[in-house]
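K.L.:
Working from the sequences, and respecting the hints, build out all of it.
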Amino acid sequence: MADFQGKQMIEISGLTKRYGSHTVLDNINFAVDSGSIAAIVGRSGAGKSTLFRCVNLLERPTSGTVRVDGQELTHLSRRELRTARRAIGTVFQSANLLRRLTAAQNVALPLRFLGLSDEEVHQRVRELLERVGLLHRANHYPAQLSGGQRQRVGIARGLATRPSVLLSDEATSGLDPETTRSILRLLTELRDDLGVTIVVITHEMDVVRSVADVVAHLDRGRIVESGRVGEVVRRSDSPLATSLLPTDPAPAPLAGEVVWQLRYTDAIVDPNWLTRVSRELDTDIALLSGLVETVGGDHAGRLTVRMSGRLSPATVAGAFAAYGIHAQVASAADELAVAS
Amino acid sequence: MTGSVVTGHVLALGTPWDGVPALVLPALGQTAEMVGIVMSIVVCLGGPLGLLIFNTSPRGLAPHPRVNASVSWVANLGRSLPFLVLMATVIPFTQLVVGTTIGVQAAIIPMSIAGTAFFARITENAVREVPPELLDVGVASGASRWQIIRSIQLTEALPGLAAGLTLNIIAMIEYSAIAGAIGAGGIGYLAVNDGYEQFDAHIMLACIGTLILIVQVIQFTGDRVVRYLLH
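Protein chains in written order, with the numbering used here: chain W, 22 to 361; chain F, 4 to 234.
Keep in mind that the hints were calculated from the coordinates and are not lab data.
Just to be clear, a hint being listed does not mean it is correct.
[As the list claims (entries may be wrong)] Under 8 Å between C-beta atoms, here's a sample of chain F residues computed to sit facing chain W: (1) Ala35; (2) Ser144; (3) Ile155.
[To be verified] Distance ranges between label pairs, derived from CB positions: (4) F:Ala65 to W:Thr104: 16 to 24 Å; (5) F:Leu170 to W:Gly216: 36 to 44 Å; (6) W:Asp47 to F:Leu170: 46 to 54 Å; (7) W:Arg39 to F:Gln108: 51 to 59 Å; (8) W:Asp139 to F:Leu161: 18 to 26 Å; (9) F:Ala35 to W:His43: 52 to 60 Å; (10) F:Ala72 to W:Asn160: 42 to 50 Å; (11) W:Ala164 to F:Trp149: 26 to 34 Å; (12) W:Asp139 to F:Val70: 35 to 43 Å; (13) F:Leu170 to W:His43: 52 to 60 Å; (14) W:Ala164 to F:Glu177: 54 to 62 Å; (15) W:Ala159 to F:Arg227: 24 to 32 Å; (16) F:His67 to W:Ala288: 25 to 33 Å.
[Stated by the list, open to error] Examples of chain W residues toward chain F, derived with CB under 8 Å: (17) Thr104; (18) Thr111; (19) Thr182.
Don't be surprised by glycine CBs; every beta carbon is placed ideally from N, CA and C.
P.N.:
Take a look at the structure:
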């Protein structure tokens with residue numbers, strides 16, 4: 022994976038997990054740089070959750086190694102593993118809060134396991150709840166909290182032992198878009214403020230687009246595609262890019278017109294490209310559909326436009342290419358119309 | 004005329020009402036003592052036994068099929084026999100432990116055996132109800148098995164344990180009555196011995212009333228405790 026800050030916080034190599042004769046994970050090689058957010062995507066049943074559980078050794082891999090912060094986990098004794106796990110915060114799907122404990126008591130749990138004094142626990146829990154914006158809900162029970170609030174408590178609990186790595190399994194699934202955004206904002210803050218390395222397991226491409234630096238696509242137990250998100254979305258024939266920036270099917274063009282599919286190929290694209298190309302070619306460009314976003318600091322875009330068929334395809338493609346945009350004819354009205 | 008006299012005579016037979024408390028109250032005390040002692044033993048032995056059964060099962064913290072099978076077998080043993088038969092079966096053991104085979108002390112041994120087996124299953128079931136993902140929370144945060152048992156399993160299972168404990172106490176009151184057969188004393192013994200065997204209607208009614216009342220009070224209290232624990 023791309024090298025942001027040099028150090029690799031998580032290194033998974035040759036990881037295989039079998040249940041009997043069923044191979045759930047097949048020779049996974051995956052690394053995450055320190056202080057970045059990695060997303061693991063895939064359909065349900067692809068092995069995402071098993072991979073998640075292998076990173077903190079909730080499941081023991083059949084073979085392969087898992088290295089977190091330079092420490093090889095699969096060789097540790099039970100006691101050593103307990104200590105190592107404290108450096109890995111875990112946020113579970115549906116938060117997994119103890120229903121009989123208040124928000125504060127749930128967050129305090131890992132600190133109690135560490136054997137900190139009441140004073141230290143109290144202090145740290147306050148800090149954590151403040152960070153996730155739930156200090157005012159400290160004494161509420163999970164049943165009295167909303168889904169998003171419960172998830173925030175789960176994140177605060179995951180951060181309790183000041184881990185260098187935070188694993189999150191579908192932490193935003195089932196939450197409404199507004200709540201999802203607030204959770205994702207929180208994750209980004211954790212990366213930026215605390216330098217926490219975060220791995221999110223998700224099936225939601227929005228999540229990947231908005232927070233992930235790198236992405237790996239898991240399919241039937243294998244990583245079939247991976248890379249920096251900003252770079253992946255510019256790939257031409259990538260299923261992952263298509264699902265990250267989906268486009269509507271091109272509509273049938275009107276007579277004498279051509280529908281073009283555009284795709285950003287450069288990391289930085291002049292935001293005024295549409296008007297500029299229009300002026301240069303002296304033609305109108307009808308924007309039919311499209312998605313333009315900043316993904317992992319890079320510009321990414323996939324759009325469908327309609328233009329007059331008078332222009333030669335090479336001229337059009339060349340004009341777009343000058344702005345770092347790949348243009349491809351999606352459909353022409355008919356051969357005659359293009360030729361005329 | 005004669006009929007009514009006879010009827011009146013039968014009804015009048017037995018302890019006068021004002022003499023009833025003097026018999027019932029000490030019996031109530033004996034029942035409380037027996038059930039109290041038995042329940043302390045039951046919780047101390049049955050609780051850990053139940054935790055052991057669950058945690059050596061495939062879903063537990065330390066799966067161990069052989070240990071699980073043997074502990075589970077032992078727990079079933081204590082629940083296989085009707086209480087009266089169990090009581091007779093363990094007589095030699097009772098003699099060995101308390102030095103007598105009659106009275107309150109003798110009753111405590113079979114009651115504790117039956118109760119421990121009962122409570123072991125109740126604990127196992129209550130702990131099984133704790134979602135497995137919550138155990139993952141403990142493991143992932145680097146907790147030891149003992150910490151997970153204490154802070155997660157027992158904490159979350161507490162309402163279920165309280166409900167089971169209520170059930171267990173009521174069952175032990177019932178067993179204490181059966182233990183009356185070996186002269187254990189208590190309300191049940193009084194009802195059978197004085198009320199039923201000697202046709203003492205007042206004692207019988209008083210015992211029935213008292214038993215109904217204490218079971219209701221225990222169930223009511225148990226339900227309140229469970230509701231409190233559930234928040």
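K.L.:
Does each hint fit the structure? Answer for all of them.
P.N.:
Hint check results:
no.: 1; hint: Ala35; result: 30 Å, violated
no.: 2; hint: Ser144; result: 4 Å, holds
no.: 3; hint: Ile155; result: 7 Å, holds
no.: 4; hint: F:Ala65 to W:Thr104: 16 to 24 Å; result: 19 Å, holds
no.: 5; hint: F:Leu170 to W:Gly216: 36 to 44 Å; result: 53 Å, violated
no.: 6; hint: W:Asp47 to F:Leu170: 46 to 54 Å; result: 50 Å, holds
no.: 7; hint: W:Arg39 to F:Gln108: 51 to 59 Å; result: 58 Å, holds
no.: 8; hint: W:Asp139 to F:Leu161: 18 to 26 Å; result: 21 Å, holds
no.: 9; hint: F:Ala35 to W:His43: 52 to 60 Å; result: 58 Å, holds
no.: 10; hint: F:Ala72 to W:Asn160: 42 to 50 Å; result: 44 Å, holds
no.: 11; hint: W:Ala164 to F:Trp149: 26 to 34 Å; result: 28 Å, holds
no.: 12; hint: W:Asp139 to F:Val70: 35 to 43 Å; result: 36 Å, holds
no.: 13; hint: F:Leu170 to W:His43: 52 to 60 Å; result: 42 Å, violated
no.: 14; hint: W:Ala164 to F:Glu177: 54 to 62 Å; result: 36 Å, violated
no.: 15; hint: W:Ala159 to F:Arg227: 24 to 32 Å; result: 27 Å, holds
no.: 16; hint: F:His67 to W:Ala288: 25 to 33 Å; result: 56 Å, violated
no.: 17; hint: Thr104; result: 6 Å, holds
no.: 18; hint: Thr111; result: 4 Å, holds
no.: 19; hint: Thr182; result: 7 Å, holds
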